[in-house]
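Asker: Starting from the given sequences, assemble the full structure and let the hints guide the process.
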Amino acid sequence: QEVSVEVLDHLEHLALVDFRDSEGVERLQKAIQFADQLHEVNTDGVEPMDLVLEDRWCLYLREDDVTEGNCTKELLENAREKVEEYFVAPPGNIPLPKLEERDTFLQSS
Amino acid sequence: LAPWVPVVGLEIHAQISSNSKLFSGSQVQFAAPPNSLVSFFDASLPGTLPVLNRRCVEAAVMTGLALNCSINKKSLFDRKHYFYADLPAGYQITQQRVPIAVNGSLSYSLCIDSKMSQMVTKTVRIKQIQLEQDSGKSLHDDTRSQTLVDLNRAGVGLMEVVMEPDMCCGEEAAAAVRELQLILQTLGSSQAVMAEGQLRVDANVSVHRPGEPYGVRTEVKNINSIRFLAKAVDYEIQRQIEELENGGTILNETRAFDSKLGCTVPMRDKEGKQDYRFMPEPNLPPLILYDAKSLPANMNHQQVINIDWIHERLPDLPSVKREKLVEQYGILPEHSFALLNEDGLAEFFESVVKQTQMKPKKVIGWILNHLLSYLKQYSLTVKESPISSFLLADLLNLLEKKEISSTAAKQVLAELWKGEGKTPLEIVKEQKLELLQDQKELEQICQAVIDGQENEVIMMVPG
Chain V
465 QEVSVEVLDH LEHLALVDFR DSEGVERLQK AIQFADQLHE VNTDGVEPMD LVLEDRWCLY
525 LREDDVTEGN CTKELLENAR EKVEEYFVAP PGNIPLPKLE ERDTFLQSS
Chain P
882 LAPWVPVVGL EIHAQISSNS KLFSGSQVQF AAPPNSLVSF FDASLPGTLP VLNRRCVEAA
942 VMTGLALNCS INKKSLFDRK HYFYADLPAG YQITQQRVPI AVNGSLSYSL CIDSKMSQMV
1002 TKTVRIKQIQ LEQDSGKSLH DDTRSQTLVD LNRAGVGLME VVMEPDMCCG EEAAAAVREL
1062 QLILQTLGSS QAVMAEGQLR VDANVSVHRP GEPYGVRTEV KNINSIRFLA KAVDYEIQRQ
1122 IEELENGGTI LNETRAFDSK LGCTVPMRDK EGKQDYRFMP EPNLPPLILY DAKSLPANMN
1182 HQQVINIDWI HERLPDLPSV KREKLVEQYG ILPEHSFALL NEDGLAEFFE SVVKQTQMKP
1242 KKVIGWILNH LLSYLKQYSL TVKESPISSF LLADLLNLLE KKEISSTAAK QVLAELWKGE
1302 GKTPLEIVKE QKLELLQDQK ELEQICQAVI DGQENEVIMM VPG
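Top to bottom, those sequences are chains V and P.
Here the first sequence stands for residues 465 to 573, numbered as in our numbering.
Here the second sequence stands for residues 882 to 1344, numbered as in our numbering.
There may be inaccurate statements among the hints.
In silico lysine-lysine, DSS-like type, Cα no more than 27 Å apart, as pairs [as the list claims (entries may be wrong)]:
{"hint": "1", "chain 1": "P", "residue 1": "Lys1242", "chain 2": "P", "residue 2": "Lys1202"}
{"hint": "2", "chain 1": "V", "residue 1": "Lys562", "chain 2": "P", "residue 2": "Lys1310"}
{"hint": "3", "chain 1": "V", "residue 1": "Lys494", "chain 2": "P", "residue 2": "Lys1112"}
{"hint": "4", "chain 1": "V", "residue 1": "Lys537", "chain 2": "P", "residue 2": "Lys1257"}
{"hint": "5", "chain 1": "P", "residue 1": "Lys1018", "chain 2": "P", "residue 2": "Lys1202"}
{"hint": "6", "chain 1": "P", "residue 1": "Lys1299", "chain 2": "P", "residue 2": "Lys1310"}
{"hint": "7", "chain 1": "P", "residue 1": "Lys1257", "chain 2": "P", "residue 2": "Lys1235"}
{"hint": "8", "chain 1": "P", "residue 1": "Lys1202", "chain 2": "P", "residue 2": "Lys1141"}
{"hint": "9", "chain 1": "P", "residue 1": "Lys1018", "chain 2": "V", "residue 2": "Lys546"}
{"hint": "10", "chain 1": "P", "residue 1": "Lys1257", "chain 2": "P", "residue 2": "Lys1205"}
{"hint": "11", "chain 1": "P", "residue 1": "Lys1282", "chain 2": "P", "residue 2": "Lys1141"}
{"hint": "12", "chain 1": "P", "residue 1": "Lys1299", "chain 2": "P", "residue 2": "Lys1321"}
These aren't lab readings, by the way, just hints derived from the structure by calculation.
On a predicted model such as this, the values are computed, not experimentally measured, just so you know.
Answerer: Right, here's the structure in full:
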């Protein structure tokens, strides 16, 4: 079963991934096929499991003390652009152009 | 044609009052140099992990209990994905599937008439309360076409309180939020000051004809005060009614309230229906809470949250405080509302009552009609009042002992307000405001007045 171009385009918008070429799309399809094997198991009446150790992993509760922060300089070293200790970002989200408007492998498929 | 039925639901985000953030140890503070209260986790640097703050969980449990919710002994954390410059991880950790508290209720009161003499109690159902992260702050610099990002707020703990659409107008929404604000402040789980962004309200509004299904709803954001909340909701209801009556349709959109124009406008930057791709937060196991029955024997106390222990230590909620005031002092319910509506006023009232022989029912008039109006006029809080409870009690005692008249008392109050350190008695003496008790002295004065106004007296006597 193939993944439609609409779904691939939707995923590229949502996650900003680039499937790049037929190999990338193929890899995605194989991953979906692999996960679909789960449908072969009857899970009626069984609670979904999120984490393998969820029954034995005690969520650690931290005391409400201030132990971090105050490292503005270090953090801003990662910024491509900064203005007076603020990170600089574009004025708003720049959405991925629509399928018709961008040069992508998906168009030809 | 039957009138339209407006439907209003609210989503409220209350910032948790804690020293450090929900999943990291950086400080929670309102005004601080940009990006100074940010840890590596808050900045979403690779290799960092969330560590849950115990105080935030307790705050959510307290709030859930105060709102009559069922506390979920097992709740889960999820990731809600979307891109925005002030959300460095690209997702927010929230509780979408199983939140910490569900199915509660909030009772609030409304005045039927404008004179505040008749109050009616209403209830709104609380769908759920969930713990989640706050995002950072974006400052839009339109001149340079850029956004400046400050992550100080990123990761601060929030309680999202979801109210069912049981309200019908701006007044109800405002009253419900006001009561929630008082409850949160009483619990101490949030300071809930809207002006500082500690309490944010989004309103969901729709209208429909009676008997028909609910109409399309819009979400109204950018509401910065309780007053604006009422205005925004009422405007949106009117806008939708007008639109529908003119044959138009309502779009399921997000609108912003423009406080200057008093209207709602469609919000820009809307990228169509969002797909948040919710998934379980893989770095956090379920949050387990205990009660007296399920308390594990061998666990470290610091790692255990006991719902019953928290329940036993809840302070008196505003509704209980009001009942006690009415019962103890014989004041009217609307008086108790007014007392609790102003920070410190109830305590001031009780302090005055203790120090004066005047009956509480009379004292309340002086507190609400005089002291409070002075405070409002000069925009002062009770704490900042130049008149202490001691001074006011002193004044009321003079009045009660009939040493001065009511009019004179008001004059003394005006003088006391100047805060020059004089006692009521000193002011009374200075301004010669003592009531004369001596019958003879009174007769002499009256006679002198009549003598001085002979002509007027002659004209009056025959008639």
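Asker: The structure should be examined with respect to each hint, and the outcome stated for every one.
Answerer: Each hint, compared with the structure:
no.	hint	verdict
1	P:Lys1242 x P:Lys1202	holds (17 Å)
2	V:Lys562 x P:Lys1310	violated (84 Å)
3	V:Lys494 x P:Lys1112	violated (54 Å)
4	V:Lys537 x P:Lys1257	violated (45 Å)
5	P:Lys1018 x P:Lys1202	violated (37 Å)
6	P:Lys1299 x P:Lys1310	holds (17 Å)
7	P:Lys1257 x P:Lys1235	holds (24 Å)
8	P:Lys1202 x P:Lys1141	violated (37 Å)
9	P:Lys1018 x V:Lys546	holds (15 Å)
10	P:Lys1257 x P:Lys1205	holds (26 Å)
11	P:Lys1282 x P:Lys1141	violated (52 Å)
12	P:Lys1299 x P:Lys1321	violated (36 Å)
Violated hints, listed in ascending order, are 2, 3, 4, 5, 8, 11 and 12; each of the other numbered hints is respected by the structure.
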